[in-house]
Structure formats: structure tokens, C-alpha cells
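A.B. asks: Residue strings, one per chain:
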Amino acid sequence: MVMKHALSALALALAMPAFAQQAAAPAAPAAPAAAAAPAAEPPPAWKQGIDGTTQPVTLHPFAPKMTGVAAKDLKMSTLKVPPGFKVEVWVDGVPEARSLAIGQKGTVFVSNRNAKNVYAVIEKDGKREVKTILKGQNSPNGIAMIGDTLFVAEHDKITRYDNIESNLDNPKGELVVDGLDPTNGPGHFWKFLAAGPDGKLYFNIGSPQNITMPGYNQAAILRVDPKTKQMERVATGVRNSVGMAFHPTTNKLWFTEHARDWLGDDGPNDELNVLTKEGEDFGFPFCHQGDTPDPEYGKYNTCAMSTPPVLKLGAHVAPLGIRFYTGNMFPAEYKNNMFMARHGSWNRSTKQGYDVMRVVLDDSGKVTKYEPFLTGFLLDDKGDPPMWGRPVDVQVIGDGSLLVSDDYNGVVYRVSYAK
Amino acid sequence: MTIFKSVQSVAAAQLAAAAFLIFPVFAQAGDVEAGRARAQTCVACHGPGGNSPTSSVPTLAAQPEQALATMLYQFREENRKNPVMSPFAANLSNTEMNDLAAYFESEKRLAPKHQTKPANLELGPGLAKKYNCTQCHGPELKGLQHIPNIRGQQHDYLLAQLQAFKAMKRADMDGNMTSASTGLKDEDIVVLADYIAGLGN
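If you read the sequences in order, they're chains A and B. Residue numbers are given in our numbering: position 68 of the first sequence equals residue 68, and the series is strictly consecutive. Residue numbers are given in our numbering: position 78 of the second sequence equals residue 1078, and the series is strictly consecutive.
No lab work stands behind these hints: they were computed from the structure. The model shown is predicted, which means the values in this text are computed figures rather than measured ones. Errors might be hidden in some of the hints.
[Unchecked claim] Using 27 Å as the maximum straight-line C-alpha spacing, the simulated DSSO-like pairs for lysine-lysine come out as follows:
id, chain 1, residue 1, chain 2, residue 2
1, A, Lys47, B, Lys1169
2, A, Lys299, A, Lys47
3, A, Lys47, B, Lys1142
4, B, Lys1081, A, Lys116
5, A, Lys312, A, Lys366
6, A, Lys135, B, Lys1185
7, A, Lys277, A, Lys252
8, A, Lys75, A, Lys135
9, A, Lys47, B, Lys1166
10, B, Lys1142, A, Lys157
11, A, Lys135, B, Lys1081
12, B, Lys1117, B, Lys1081
13, A, Lys116, A, Lys252
14, B, Lys1166, A, Lys157
15, A, Lys80, A, Lys116
16, A, Lys116, B, Lys1166
17, B, Lys1142, B, Lys1108
18, A, Lys312, A, Lys252
19, A, Lys252, A, Lys200
20, A, Lys135, A, Lys116
21, A, Lys47, B, Lys1108
22, A, Lys369, A, Lys277
23, A, Lys382, B, Lys1142
24, B, Lys1166, A, Lys131
25, B, Lys1169, A, Lys116
26, A, Lys135, A, Lys229
Given only the sequences and the hints, what does the whole structure look like? Please build it.
C.D. replies: Written out as C-alpha cells, the structure is:
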């Protein structure tokens, strides 16, 4: 219902700004005229495609607490995990903790999106320490390990740091590839980085806007061979994926995808996808969630031409990092399950997400279960803020426990299991 | 690329985790009294209680804690640079920033001395809506969380920030303010600064 209403209003709204923009461009009107014509300017990037008939009041994205929240001030008592599991603060003082990568010697690397650092969490004299190893990076959200090399994906380039765990005090970077931000503007420019079983690096280039016709290497997943530096586009029609993982037995690439905004509270769904052939198209901007044509771009192509998601994740849940559970600590039924961090919504009227989900697959790769694993960050779904923490990424460490990063508080949690 | 070392022990945090059982769950991140004690240096320029006497120096009183802590963070990390301010932020720890932020949030913002031109008083509300100011800063422009309270902020400071945002030279939390500023007309920046600086409580 919400969806239908929004759709018709949106169709109207979409037609108008296009005209208004053209009309406003040549002759800059004087201030009084501008004030009287509220639709004359292109909207900021996050608002692009919004229903122009309403302006929600004090609707704003949530931002990480850059100075962090100390472990003692976190509302840990509200967190819930299944029986036998335990969640605790693993380390605090990691400003805007985003992606997680694990080194061969057990060093945990943590990245930033808005901030500009990459951190290493190391054990020293029985204490856990946070060490800033890279500074002045440009949105270094994507980090991945191949052997003893740390790869860092900034908004426009990927750099390699060889033998990283022996060079934490003085990492030496070497460019792998650049030119990865076609627009150099606002939009989905931050990258997720995943190391493939083929020794290649997989990453996203997101749609430059909420809803738009993307260019050749936008709204896509690409890969680069770090040896030859040759790039290839492996998936198209992916609005933005900030979570990728290769299945431990099938080696197929699974990835999360954020759906477009401003089509209502309940649609379209964010997606969990699996790549079955190179070059596969996942629908954006023509088709959302495998079955819903876009109100504007749907006229250019049908849903039949693209691959539907393996799982609809819910609307505005903001799925981010995924990893398959390959450790030995959790009960046997967790083997090769997927864990998924959901960052949670900012522009849904009733907020949802802010949790870690468990996804169970059968041998054929079909999803048989999608259930909450770590919850309790959400305190009031109408609140502002509605949550006290926001999961970003998950990683299985050597002892088989699961780390969960939280950029809002600058904290990494550890979920462990004991019989 | 600059590389530096920042090592923090988590032992103190683990010790303090026990104290979590005693203190209320909804405590602020920062300590108001610790911040008040440290604020003596700040008020030399930012005025008593963080109510600035100078048009180019921002008022800090009644600024949301997260917004203020974020500003200090941006100065320390050299994402924002100012010859006067940067040295003060350079050596502050996260805890000290949270304390200062909690203190200034607790202070009352005084009515501004700035008088808005009558013409701009009329144009201001429309522009604040058109350019999405009220979208994030709220209908009264008092901000929340990481979004600053700009109501009655110092005029020259507001003007300089808006111009810098438009020029993409002002560090931003998440790109939204830069994005919102790209469409600002120069003459509208003048109107907005004059309008917002004169708003009383």
C-alpha cells in the first residue's frame, strides 16, 4: 500500500525535476525567484529520486561517533545471541570500524569509510592494542588479504602492502590499479574488497546515484588480477554491493546488494545474490528484487533478462559484510553457514536491521533459513537514533569465534560458543 | 603517505567494564565536569560557556555532543585545518574530546547579537527548506547527533563554512553537507548566513 502510493507519486515527481533542471540552467534567477521555486535545483545525491511531493522533517542519515564509545559505556546487556553463545567487546577505540581482514599471523585489520585510516589490532604482552598503520587514505573501506599481502581499496584505487604483518610500523604501498571512481562525485564510491579463490581481487563500483542509468563500469562488480593488473567486469546491474564472500566448497561468489530508495517503506527488498556465470546481469536500474520493474527505467528492459536474488532480505535493512562460517568452535550445524551484518535503515519510517543474520544453505546452494543471530542494537524503531550500534562486517578468526565490527561506536565484538 | 603509530591499551577499558554495572546505562559518553575543567583554554576564544563574542569564531554552547566531538576529531585528524584551532586539537584524546563536547552541550546558548536584515528574514525560511537545511538540522535548525546546532550561530563563521562547503574545501562527516551545498547560489549563501545567525531561541 505504501509502495503503490509512493509509486504513483514518484512517477509524477520524476517527470518534473528533469524539466525544471533544464529550464533553470541557462538563466540564473534572482534570489527571490529562486526562493519561490523549490524544485528548481537538482537534489543532493542521497535525495535523488525522492517523492517530490513530501519533505520529511529531520530525516537524516546516522553518523558514526568518530571519537568512539568506550566499552564501559556500551549497552551490552541488551544484546542477544542464541543459547550457548556469548557476545563481548573484543576491542574498543577503533574509530569507525568498518571492514575486517585477517592476516596469516592472526593480525586483525580494520578499515574506515568516512575516516581515513586503516588499523591493525595486535596482541602485545597479553594485551590487545589498536595501531594505526595507514593514514590519509581516501575512503579505504575495502581491505582483503592474499597470502601475506594486504590489499586496500580506496574510492578510486587499490594498493598492495606486501609482507604486511612484518611491516606494521612502515607499510610500503604499491599501486595495483586506479581510475576506479568514474564520477569523482557523491554517490556509492566506497569499495568492498574480496580475495577470490582464483587469486584475483573482486570489488564493487556502485551506482553514482540512487537511481540512474549507469555507465559501463558502474553498478557493477569487477575483478583485477594483481599480477597482470588486468581488470574484468564480472557482474552488472548491481546497484551497490558492500559485502562479498566465496562459498568454501562451491567457490561461487555470493554478494549483498542495497536496493534503491524512495519507493516506499516496504520495497524494494535488499538482495542476497550469487554469481553463477561471468558477466551476469542482476537487474539495476531496470528491475528490482527480481520481480519489480522500476517505475521509470522499467520501460527499457524487463525483469526476465536479469538474475533474481537468491534471497530477498527485507527493505532498507542495509546488508553489508558476509562470511561463511569455516571455524571449529560453533556447533556442527553452523558449518558453511553464512553470517551477514545488517547496518540498518535510516530513511524507513519504522527502522529495521542493525543485527547479524544467519543464513543456512543446503548442499545445492538453496537458502533454507534466514534468521537473527546477534540482535539487540535496535532499541526503538521510531527513535532518533533508533539504535546504539551498527554491525558492518563479520570475520571468523583462528579460534573459530566470530568478530563483528560496529562503525557507530568504533568497536569490534566477539561472539563465541561454549557447550 | 604519512604513517604514524597510535597504540591504545584496552586494559583500562576492561577494568572499567566492571564499573558499567554501577553507572546508568544511558550515561553520556563524555563527562561534563571533566570537560568544564578542561574548557578554560577554549573559552578564551569561544567565550564564557562557549557563547562566542566574535563573529568569525563559532559558538559552542548547546552544540550536540556528537557534533562537537566530531569537529574536534576532524581538527585532530587534520581533515579541518585552522592555524589557531588545529594546535589545540592536536593532542586531545578521544575521551578528552568527549568530555569537552559533553560540557559545551550542557551550556545554554545565549540570544544572538546579530540582527537579520528584514528582507532576509522573509527569504530565509523558504531557502532553508529549499536547500534541505531543515531536512537534517531540523525545523528549528538546532541539530542533533552529529548534525550541528546552527540556530543563532556566529554570522561570519556560518558564511565561511557555507562557502567552503560549496567549494568542496570543508571536511564533511559523510558527504551530505557537501552534497547539499553544491547547488547553493552565492547570493543565497549570504541570505542564509544572515538569516540563521539572527535566529534566537
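A.B. asks: Would you mind marking each hint as holding or not holding in the structure?
C.D. replies: Hints and how they fare:
Straight-line distance between C-alpha atoms of A/Lys47 and B/Lys1169 comes to about 22 Å, which keeps the hinted pair within the 27 Å bound. Our distance criterion of 27 Å between C-alpha atoms is met by A/Lys299 and A/Lys47, whose separation comes to about 23 Å. Pair hint A/Lys47 plus B/Lys1142 holds up; C-alpha atoms about 21 Å apart against a cutoff of 27 Å. With a C-alpha separation of about 15 Å, the suggested pairing of B/Lys1081 with A/Lys116 holds against the 27 Å cut-off.
A distance of roughly 13 Å separates the Cα atoms of A/Lys312 and A/Lys366; the hinted pair therefore holds under the 27 Å criterion. Of the pairs offered as hints, the one joining A/Lys135 and B/Lys1185 is violated, with about 35 Å between alpha carbons and a cut-off of 27 Å exceeded. A distance of roughly 9 Å separates the Cα atoms of A/Lys277 and A/Lys252; the hinted pair therefore holds under the 27 Å criterion. Restraint check: the Cα-Cα separation between A/Lys75 and A/Lys135 comes to about 30 Å, which exceeds 27 Å; the hinted pair is violated.
Pair hint A/Lys47 plus B/Lys1166 holds up; C-alpha atoms about 17 Å apart against a cutoff of 27 Å. Between B/Lys1142 and A/Lys157 the alpha-carbon distance is near 38 Å, which puts this suggested pair outside the 27 Å criterion. Only pairs whose Cα atoms come within 27 Å are accepted, and A/Lys135 paired with B/Lys1081 is accepted, the gap being roughly 16 Å. For the suggested pair B/Lys1117 and B/Lys1081, the alpha carbons sit about 31 Å apart, so the restraint of at most 27 Å is broken.
Pair hint A/Lys116 plus A/Lys252 does not hold up; C-alpha atoms about 32 Å apart against a cutoff of 27 Å. Using a Cα cut-off of 27 Å, the hinted pair B/Lys1166 and A/Lys157 holds, with the two alpha carbons roughly 26 Å apart. Only pairs whose Cα atoms come within 27 Å are accepted, and A/Lys80 paired with A/Lys116 is rejected, the gap being roughly 32 Å. This hinted pair checks out: A/Lys116 and B/Lys1166 have alpha carbons roughly 22 Å apart, not beyond 27 Å.
For a cut-off of 27 Å, the pair hint linking B/Lys1142 to B/Lys1108 stands: about 12 Å separates their Cα positions. Between A/Lys312 and A/Lys252, the direct Cα distance comes to roughly 19 Å. Compliance with the 27 Å bound is thereby established for this hinted pair. With a C-alpha separation of about 13 Å, the suggested pairing of A/Lys252 with A/Lys200 holds against the 27 Å cut-off. Distance check on the hinted pair: A/Lys135 and A/Lys116 sit about 6 Å apart at the alpha-carbon level, within 27 Å; holds.
For the proposed pair A/Lys47 and B/Lys1108, the alpha carbon gap of about 33 Å is over 27 Å, so the pair is violated. Only pairs whose Cα atoms come within 27 Å are accepted, and A/Lys369 paired with A/Lys277 is accepted, the gap being roughly 25 Å. Distance check on the hinted pair: A/Lys382 and B/Lys1142 sit about 20 Å apart at the alpha-carbon level, within 27 Å; holds. Distance check on the hinted pair: B/Lys1166 and A/Lys131 sit about 35 Å apart at the alpha-carbon level, beyond 27 Å; violated.
For the proposed pair B/Lys1169 and A/Lys116, the alpha carbon gap of about 16 Å is at most 27 Å, so the pair holds. Pair hint A/Lys135 plus A/Lys229 holds up; C-alpha atoms about 25 Å apart against a cutoff of 27 Å.
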